[in-house]
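Listed below, chain by chain, are the residues.
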Amino acid sequence: AQSVTQPDIHITVSEGASLELRCNYSYGATPYLFWYVQSPGQGLQLLLKYFSGDTLVQGIKGFEAEFKRSQSSFNLRKPSVHWSDAAEYFCAVAFAGGTSYGKLTFGQGTILTVHP
Amino acid sequence: NAGVTQTPKFQVLKTGQSMTLQCAQDMNHEYMSWYRQDPGMGLRLIHYSVGAGITDQGEVPNGYNVSRSTTEDFPLRLLSAAPSQTSVYFCASRGSSFGTQYFGPGTRLLVL
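So the protein lines, in turn, are chains A and B.
Reminder that position 24 of the first sequence reads as 24 in this note's numbering, one-by-one numbering, no gaps.
Reminder that position 33 of the second sequence reads as 33 in this note's numbering, one-by-one numbering, no gaps.
Hints were generated in silico from the structure; no laboratory data involved.
Hints may be right or wrong, so weigh each one.
Stated by the list, open to error - Calculated pairs, EDC-like style, for lysine to aspartate or glutamate (alpha carbon to alpha carbon, straight line, at most 20 angstroms): (1) A:103 <-> B:30; (2) A:103 <-> B:56; (3) A:61 <-> A:20; (4) A:103 <-> A:64.
Based on the provided sequences and hints, a complete structural model is requested.
Here it is in structure tokens:
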């Protein structure tokens, strides 16, 4: 079965510092990759997605992510974090093959705290 | 264009009671899903639908029923609520298999 792992439950950074949130997936089929952000008490908002082509994708709010097939990873990055980036971040994967076709599987989430 | 709407926003139930969580979308999306969110577990798929009249089970379907009589609506029914169903429930929709998924604001459910 497909699975998604976000190794870091909670990350704390200082405002202005760089950020990298990790995401690893497992399954053999072609992955479709997503990052979502959830502010407290809110629903989920799509930050960016990767379907094919350039493995470095740009998203909203200055975020980017890089797909590395050899490492089964899709890490989210931002060069300079703002206090408003404090939220919970979810990596999600869908696959084009097998019985899991099109189903979206989410990681456990990473809570980001930003210190002033 | 309201996107995905969910009602109620918050509900308290007693064990054994039944209720229906409502979800509607006005984007003419074929794909709709229900997730539950629990601390440290991310979002887990309960049921999903790929069009009116077509539904299937997700990862955690036990204790929940769904139906899809129209493209717009996808209600989730709790048949006999249990404390283990205390959670935040999100409805989502998308226009194609791998299209952007839009989420509703969530329903916070407490089962006593």
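- Of the numbered hints stated previously, which ones are contradicted by the structure, given in increasing order? 4
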